[in-house]
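> Please arrange chain B on chain A, whose structure you already have, making use of the hints.
So the chains spell out like this:
There are 2 protein chains.
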Amino acid sequence: MYVIVTYDITDDKRLNKVRKVLKKYLYWCQLSTFEGEISEGKLEKCKSEIFDIINFEEDSIYFFEVKNPKNIVKKVIGIEKNYMDNIL
Amino acid sequence: MYVIVTYDITDDKRLNKVRKVLKKYLYWCQLSTFEGEISEGKLEKCKSEIFDIINFEEDSIYFFEVKNPKNIVKKVIGIEKNYMDNIL
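Residue numbers (this note's numbering), protein chains in the order written: chain A, 1014 to 1101; chain B, 1014 to 1101.
Excised from the complex, chain A in its bound form:
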């Protein structure tokens, strides 16, 4: 499946931890966005790792899931970014 992950995380320490987890599974394409193809099993693993990090009363993480990657099209205005080389 294809997934887009967006997040608002209020604490920098938790933010870095969440990004570290997402980086293992997906492509870091904007400051607050990851995307990529992923199996259902790996996606569940990714979510369970995030469960252990975040504050459920302050943080917000959205997973937009599309079963068939062919059903989603990405269009870019401006530049296409890549944060995958960032050290966390």
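No lab work stands behind these hints: they were computed from the structure.
Please note: incorrect hints may appear among the correct ones.
Just so you know, same-sequence chains aren't split out, so a pair can sit in one copy or run between any two.
Listed next, the in silico DSSO-like pairs over lysine-lysine satisfying Cα-Cα at most 30 angstroms (straight line) [to be verified]:
| no. | residue 1 | residue 2 |
| --- | --- | --- |
| 1 | K1060 | K1030 |
| 2 | K1058 | K1088 |
| 3 | K1036 | K1087 |
| 4 | K1055 | K1037 |
| 5 | K1080 | K1030 |
| 6 | K1026 | K1060 |
On a predicted model such as this, the values are computed, not experimentally measured, just so you know.
The following block gives chain B in isolation, referenced to the frame of chain A:
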């Protein structure tokens, strides 16, 4: 169709202008994310308004487009946010 819009905009003035445009068409669901159902015509209008604002060498805006809204599922970890009442 259903669209998710994410952005990295380096200048606060342009950022506010882009958010003002997006707010007219979509739902502001996280600091750097808008989402919602929109017609193709309105989406093109929205994009053309954004074209007139951004710096093409610095800013980055992604439109993730799904023709049939039934093909996309949103799952939330933590809280669901809403910035629609923010004054820009």
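> For each hint, tell me whether it holds in the structure or not.
Comparing the hints with the structure gives:
no., hint, result
1, K1060 x K1030, "within (13 angstroms within a copy, 34 angstroms between copies)"
2, K1058 x K1088, "both (29 angstroms within a copy, 15 angstroms between copies)"
3, K1036 x K1087, "both (20 angstroms within a copy, 20 angstroms between copies)"
4, K1055 x K1037, "within (10 angstroms within a copy, 37 angstroms between copies)"
5, K1080 x K1030, "within (27 angstroms within a copy, 34 angstroms between copies)"
6, K1026 x K1060, "within (18 angstroms within a copy, 35 angstroms between copies)"
Comparing the model with each numbered hint stated earlier shows that all of them hold.
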